[in-house]
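S.K.: Construct all of the structure, not just a fragment, from the sequences and the given hints.
Chains as they are written, first to last, in the working numbering: chain A, 1 to 656; chain B, 1 to 302; chain C, 1 to 215.
Hints should not be assumed to be uniformly reliable.
Beta-carbon label-pair distances, calculated as ranges [unchecked claim]:
1) A:621 with B:277: 48 to 54 Å
2) B:272 with C:111: 52 to 58 Å
3) A:637 with C:209: 48 to 54 Å
4) B:247 with A:411: 27 to 33 Å
5) A:537 with B:277: 16 to 22 Å
6) A:638 with C:117: 57 to 63 Å
7) C:24 with B:272: 20 to 26 Å
8) A:512 with B:15: 48 to 54 Å
9) B:201 with A:594: 44 to 50 Å
Hints are computed from structural coordinates only; laboratory data are not their basis.
Using N, Cα and C, we set each Cβ at its ideal position, and we do this for glycine too.
Chain residues, written in single-letter form:
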Amino acid sequence: MTIGLVLGAIVLTSASGFAAAALARRPAAAQAACCALLCAGCALGIAAAVAVLGGQAAASARLALKLDGVSAIFLLPISLVSGLGAIYGLRYFPQKALGLAAVRLQIFYGLAVGGMVLLVAASHAIVFLIGWEVMALSNFFLVLTDHDRREVQNAAFLYLISTHVGTLALFAVFALLRQAAGSFDFAAMQGLHAGGLLGARVFALALLGFGLKAGLIPLHFWLPPAHAAAPSHVSALMSGIVVKTGIYGLLRVSGLFDAPPAWWGLALLVAGALSAVLGVAFALAQHDLKRLLAYHTVENIGIIALGAGLALIGRTRGAPALVVLGFAGAALHVINHALFKSLLFLGAGAIQHATGTREIDRLGGLARPMPATAALFVVGAAAISGLPPLNGFVSEWLVVLGFLDALGRPRGDLLAFAAIGAPILALVGGLAAACFAKVVGVVFLGTARSTHAQGAHDPPASMLAPMAVLAAACAAIGLAPAATLPALTRAAAAWSRLDAMALEGPAASAAASALRISLVALALLLVAAAVWLLRRRRLAARPAAAPVDTWGCGFAAPTARMQYTGSSFAEMIVGRFSWAIFQRVTIKRPEGVFPQGAAFHTEVPDSVLDLALVPAARAYGWLTTRARELSLRRIQFQMLLVLATLVAILTWGFVW
Amino acid sequence: MLMRSLFHVAALLALPPLVIGVVNRTKAFFAGRKGPPLLQAYWDLAKLLRKGAVYSRTTSWVFRAGPIIGLAAVASAGLLLSMGGAPSLISFGGDFVLFAYLLGLARFFTALAALDTGSPFEGMGAAREVTFASLAEPALFLCLLVLARATDTISLSGMLGPELPAAWGHAAPALVLAAIGLFVVALAENSRIPVDDPNTHLELTMIHEVMVLDHGGPDFAFILYGASLKLFLFGAILSRLLFGHGGGVLASEALFFAGLLVFAVAVGVVESVMARLRMLRVPQLLVGASVLSAFALVLLLR
Amino acid sequence: MSSFAELVFILVVVIDLFLLASSRLGAAIRTVAIQGALLGALPLLLLEERHSLGHALVLAIGALAIKGLLIPWLMFRAIREASIRREMEPIVGFVPSMVLGGIGVAFAFAFSSRLPLPNGMAHAFLVPTALSTVWAGLLLVVSRKKAVNQVLGFLVLENGVFVFGLLLSDFMPIMVEAGVLLDLFASVFVMGIVMFHINREFSSLDTEKLSALKD
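M.R.: Encoded structure:
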């Protein structure tokens, strides 16, 4: 029974951490046991997901669990990434060295994974919320792993506030749905009417609650500090799959309604476009490696939202092509992003492990001492930039196909204007490629900019193996995208409850095109191999010349510090976005004929957090403190406040 | 049909250095010089392939891989291009996305190879190139969307195929605006004046040139050939857009190659007549091209 | 004839977008002159049987003379004293101006068919072009720092209103249209005098300096 696999996954993963605690006397064995249990649970999860995507049904009314196509799409990356992260953690966060912290981490890691599996498999609102809260609270403790540092405490607190505001909104959503449907069961909520006040309230609240978890702009403000503060394999978990549960929730809730109004899809499109463009722009301005990767998560969530918005509009219009292309693009990008973002975060962890710093401007030239990490990181960087022949390109291509379908609308149909999304995606892709050229170039290439980068070495095999598996998965999906389309179509049919026959047409043509993508990818590899062979033959004919120093245009004493840094690289682009990114520059200029020293430092505050929320919170705090002081002075003032509130409530009651 | 496709592949592989030759000859004509022979680029490539290579101590495998992946990506993009109105070797819905992103792949690895040298000049070139490229991408997409809407197809073979001459009947103004936008994008992507000066000797003023400064021998041959291929690809699109006519196979092909010649001469004329724009103005030029193409699209959508 | 009119409309919008991007005063003045001349040709291109040829001719010649020749001449005289040739970065930068202008054009072309206007027999591009030109003119007036550019923005705005006026030329007697042109001429004349005085006072046409008059 497939649902038994899911149940087993939940139990094994949640319990895995406690195995580490139970065997704490023998740390190596404890961690190995925990990892084994978690991986076993993840394997069960993968098996269940594959079975459902292959067409099997999985449901159990008694346990309020149901795994349909949509759930399976999310269960797959959840299981894969968390299992690989646990293997990575064996040497990255060893229990033998870190003792109690590692035990705590493993307990909450397991609970987080278990919570996530529970929530994607839930078919009852309360079960969903239980899984959601377990996941959210476990994430809080995971972020707090390194709790001695002030910034970690702040990040965790910010995370806690935002996730609980989101959960509050979710309580409201499910309360409203229960009121309309009469039961907390998802099956009973199916087929609700979307127009009118109920639909509007539910969607707005769902957008707030799930958007906070997913990190749509402007609800993304908690994401960069939290993802940067956590240990790297936890960041991989959080960026790769926890934020996707927000997308899952949005899809699930919007899937409950029969004919969603057009503004739902439009709202997602706008939010997606903003998140994508601003996310990548903020990422370009960062010089902390993990903060940069966190902002890229915001960008990719934007791309997923674009696909989901298209799918929603397709359901409004009854256009099966839009539905299947938009949903397939979004769903595939969920999986793809989980794969390459985890790869990048694990790589960042390897870099931090080897050099002790996350500042890219202190690194450089790491490709020589860390060749395997460099190669895998370059694969991840190319994948996230959407470059063929890797997987990022395929999901972006599917979303663009959706926009092209919108473009084909007859004259006078305003939907055709949605095709502006395609150039926006092109802009985002170009900026993402620029950002990762910056990251790879500054971190791995050139020469070391400080002593941090010396003494670096490749991480041990147990840290490299998960990265290699992820990179292989990226390449596999990129080279053979047609294989993913049947599963994606099935999931699209499950979500939209459109007739599978109607979705077959556009899905088949997309699959045929995907086959040709594989052909071009193959041609690319063959031509590259041919050119490489030509070069080898040409160079073999001549004696090898000794390596020299790079020509610095005649400069007599070049140093490593003269290389382009990350902020120099990104300066022109960040300047373009000066309407949204407010960079603070501290500069100490070189002065005099023989300058003694100079310094340059850029700081980019998050526009939403540091320039809107924090000042607003501070102002609110000031206001309430003043009000409290005022009211504490005279008792008459307190009486006045009570009277005013009473009058206000009475007026409201009578008027409404 | 197969013969025609094979002929096009042969043309794709053989003709690009000739296009460069025409451009250089046109520039020499405007400067009152005789100029290099038309086939000079071929001799240059042969000479470079015979040379050895010297590598810097700071470079790694990325530096060696850059030119290889760059050339392979641009050549693969050529497989998707439809020439002379015939369908391309490989064509499918949305293939222009793959086309654009393959060019992006080439640019990504060229930028990485530049950063691998550890020299500030290459870093500067790479930074400028990726900035301008990210602004040129939306413009390219908008122009191709205009073509897609005008011909009601979504593959390059459809956009540049038999429907295009008919599309001129009802969408002429939009297609003209899209052609202007495409020409600006072609100049930007191929590092031509007014975006970048291919003949400058001052590293501080270079964009593309400085990125490939450290490559030599066969690597540089691959880079030069790849650059000429890229110019050829853009010229092919513009030639078909502006000189595409219905009519027989022979007429289409003849007009196509004539259009390529006109494109090369036009690039040469622009290079001779205009000065390079200040770096601050290049984004304005590219955004202007995007807005123009967006206007063309709006004209077709209303 | 209709396709020529369509070409003129498209050229007018392209000129609007170009003005939003240009920083050179001389080129901007000449471009506005070209736009005015183009608009002068419009009444003749949109001519139909029931309109009087004489009416259209007077309008065309009047527009060409005033917008295409007289006003640019006045503008060139005004900036000759000030000897500035460029606008430095305006309040809304060039790129955001272009993008905003483009968005305005897109909205105008997308939604103008839904406006409740009596444009049954007019060319389909007339109202969107008018709206785009008005929007571009407003953007120029609001965002540029040099007084000359603000005057140019006002001219573009008036051009947009002129195009709108063509919509109602069935109902608008010649006196009202001539009045519009006279109003335009008078405003530019007055603004020229104002610019002369600003320049004399501050040796610059930067309107930011006007805030020094506060105290």
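S.K.: So which hints don't hold here, by number, going up?
M.R.: Those not satisfied are hints 2, 5, 8 and 9.
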